[in-house]
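Which chain is which? The protein sequence lines are A and B, in order.
Be aware that the first sequence starts at 0, since it is given in numbering that gives the first Met the number 0, and climbs by one per residue.
Be aware that the second sequence starts at 0, since it is given in numbering that gives the first Met the number 0, and climbs by one per residue.
Check the hints yourself; a few may be wrong.
Unchecked claim - The calculated PhoX-like cross-link candidates involving lysine-lysine, where the alpha carbons are at most 25 Å apart (straight line), are:
hint : chain 1 : residue 1 : chain 2 : residue 2
1    : B       : Lys140    : A       : Lys210
2    : B       : Lys140    : B       : Lys123
3    : B       : Lys100    : A       : Lys210
What the hints assert, rightly or not - Calculated Cβ distances over 12 Å to all of chain A for the following chain B residues:
hint : residue
4    : Arg11
5    : Ile66
6    : Pro72
7    : Asn95
8    : Asp136
9    : Asp193
10   : Arg208
11   : Asp219
12   : Asp225
13   : Ala229
14   : Glu230
Stated by the list, open to error - What follows is a list of derived Cβ distance ranges for each label pair:
hint : chain 1 : residue 1 : chain 2 : residue 2 : range
15   : A       : Asn79     : B       : Gly70     : 55 to 61 Å
16   : B       : Ser75     : A       : Ala212    : 37 to 43 Å
17   : B       : Pro119    : A       : Pro199    : 38 to 44 Å
18   : B       : Ser173    : A       : Pro143    : 31 to 37 Å
19   : A       : Val34     : B       : Ser146    : 38 to 44 Å
20   : A       : Leu206    : B       : Ser146    : 28 to 34 Å
21   : B       : Gly20     : A       : Ala111    : 14 to 20 Å
22   : A       : Ile76     : B       : Ser75     : 36 to 42 Å
23   : B       : Ala174    : A       : Phe68     : 51 to 57 Å
24   : B       : Asp136    : A       : Pro143    : 37 to 43 Å
Please keep in mind that the hints were generated in silico from the structure rather than gathered at the bench.
Just so you know, even glycine gets a beta-carbon here, dropped at the ideal spot from N, CA and C.
For reference, the chains in residue letters:
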Amino acid sequence: MNVILDNFSLYRDGFLQTLKICALAAVGALVLGTVVAGFRVSPVPPLRWVGTAWVTVFRNCPLTVVLFFCAFGLPEIGVNGAYFWFGVTGLVLYTSAFVCEAVRAGVNSVPAGQAEAARAVGLTFGQSLTSVVLPQALRTVVPPLGSVIIAMIKNSAIVGAFGVGGDLFAVGDTLTSARGEAALPVLTGVVLGYLAITIPGGLLLGLLERKVAIAR
Amino acid sequence: MSEETTDRPMIRMAAVDKFFGQLHVLKKISLDVPKGQVVVVLGPSGSGKSTLCRAVNRLEPIDSGVIEVDGRPLPSEGRDLARLRAEVGMVFQSFNLFAHKTILENVTLAPVKVRGQAVPDARKTGLELLERVGIADQADKYPAQLSGGQQQRAAIARALAMRPKVMLFDEPTSALDPEMVQEVLDVMTALAADGMTMLVVTHEMGFARKAAHRVIFMSDGEVVEDGTPAEFFTAPKSARAKDFLGKILTH
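All chains should be built: construct the whole structure from the sequences, respecting the hints.
The structure is reproduced here in structure tokens:
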């Protein structure tokens, strides 16, 4: 296990890089996914079509392909930037489809009477969604969203593998391939790094779930 | 009151048709409700009376015909429809109070969001309304902590907070335990006495006799009888109304 302690600063930097990718992508995917979910439940047909198409495309494409599209396809149409941002963008696009479906399930779990009452007092569709339906959907949405975000954290390893570099997964790659260290201890360190994000993340979600519980 | 305001009905329905798939739930309904009138809609289940009530603020879109509220045709969607709904109060069978908000927040949400009222003003009016329906002491509780009767009174206060021109009641006491029916009917009776225009779908014959100016009896999507409570209860004209009254008044 010395290899972990000897390369602690490398691990630490990798951990922080993964944390950064995940935090940015989580915020992006949650916001974008909720907006797309709003499209999918909207009374306006064209918005529903956009939402459905979005989910169909990004939920059904392999993440690796989405990432390659971002990293190599976007520059071909004139969008240039750091690989880091292409990586985050790909992760956001892909994850937003899953966030959308979790949020939509939550919206559908709110009794129809709540939205009817909101409309009956004169709230517009947007107001009824943001003031009445989504706050109540949150309760049912937290557990599945937690799974989506944890899957996203693990998927961030693919972002690392395809070239952002410097994240936890890349640390493992560097130590085993470039420096010839034994795989088992190196990868154990990598696993511990991921668990250090996902397990506290899961605990936080549990807290959040209890906090947003609503008596009916 | 001027001629102009008394002449124009608060609710006007003309040749309204509505289908649920093959089922013809509203058949060429024409109905005018003048300002200040309390109309009770009676009828067996499946007669279309709830659909009629829900059509007035377009919670149920209709397939053909015209519905006007205070002289304005119902807009089909969007902000215009939201604006019209703000002026039409609605009370549901299952209360539908916003589960994640306190009773007072339920009452203040729309005045703040829709009318742009300042929160302190909305709270003040909200508390007065809760006082009026007798549950001011429940203001900071959540709906699930209240009895059904209290929840329904809160729902009435929520609708009144928008200062509606007309109130729709869709079986407001049907989901209540028997001992709580009266407290809700009392609030509705007081509202009727204050001159509110009301369209009330209910099975409460006592309320229909006491508070209604007019009784409409529906069956199979049609208005079968339309008259004063006295006429309807003592001398129903149609066989269907006689049959209905026979079933509910015998016990």
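How the hints compare with the structure:
Distance check on the hinted pair: B:Lys140 and A:Lys210 sit about 17 Å apart at the alpha-carbon level, within 25 Å; holds. At most 25 Å may separate the alpha-carbon atoms for a hinted pair to count; B:Lys140 and B:Lys123 meet this at roughly 17 Å. Of the pairs offered as hints, the one joining B:Lys100 and A:Lys210 holds, with about 14 Å between alpha carbons and a cut-off of 25 Å not exceeded. At roughly 20 Å, the least C-beta separation between B:Arg11 and chain A is larger than 12 Å, which holds for a residue marked as non-interface.
Consistency note on B:Ile66: stated as away from chain A, and its beta-carbon is indeed over 12 Å from all of that chain's, at 15 Å minimum. Annotated as non-interface, B:Pro72 keeps its C-beta farther than 12 Å from every C-beta of chain A; the closest such distance is 17 Å. Distance to chain A contradicts B:Asn95 as a non-interface residue, since its nearest Cβ pair spans about 4 Å, not more than 12 Å. With a closest Cβ-Cβ approach of about 19 Å to chain A, B:Asp136 is found to remain outside the 12 Å limit, as its non-interface label requires.
At roughly 20 Å, the least C-beta separation between B:Asp193 and chain A is larger than 12 Å, which holds for a residue marked as non-interface. The Cβ of B:Arg208 sits about 28 Å from the closest Cβ of chain A, beyond the 12 Å cut-off, so the non-interface label holds. For B:Asp219, the non-interface assignment is confirmed: its Cβ lies about 25 Å from the closest Cβ of chain A, beyond the 12 Å cut-off. The claim that B:Asp225 lies off the interface holds: its Cβ sits roughly 26 Å from the closest Cβ of chain A, which is beyond the 12 Å cut-off.
The claim that B:Ala229 is not at the interface with chain A holds, since no C-beta of that chain comes within 12 Å of its own (minimum 32 Å). Once the 12 Å rule is applied to beta carbons, B:Glu230 is consistent with being away from chain A; the minimum gap is 32 Å. Range check, A:Asn79 to B:Gly70: about 60 Å between beta-carbon atoms, so the 55 to 61 Å window is met. Restraint check, B:Ser75 to A:Ala212: a C-beta distance of roughly 38 Å satisfies the suggested window 37 to 43 Å.
Between B:Pro119 and A:Pro199 the beta carbons are some 41 Å apart, a value that agrees with the proposed interval 38 to 44 Å. Between B:Ser173 and A:Pro143 the Cβ separation comes to about 35 Å, which falls inside the hinted range of 31 to 37 Å. For the pair A:Val34 and B:Ser146, the supplied restraint of 38 to 44 Å holds, since their beta-carbon distance comes to about 39 Å. The hint said 28 to 34 Å for the Cβ distance between A:Leu206 and B:Ser146, and at roughly 32 Å that hint holds.
Take B:Gly20 and A:Ala111: their Cβ atoms lie about 18 Å apart, and the range 14 to 20 Å holds. Distance hint for A:Ile76 and B:Ser75: a CB-CB separation of about 40 Å, consistent with the stated range 36 to 42 Å. Between B:Ala174 and A:Phe68 the beta carbons are some 53 Å apart, a value that agrees with the proposed interval 51 to 57 Å. Distance hint for B:Asp136 and A:Pro143: a CB-CB separation of about 39 Å, consistent with the stated range 37 to 43 Å.
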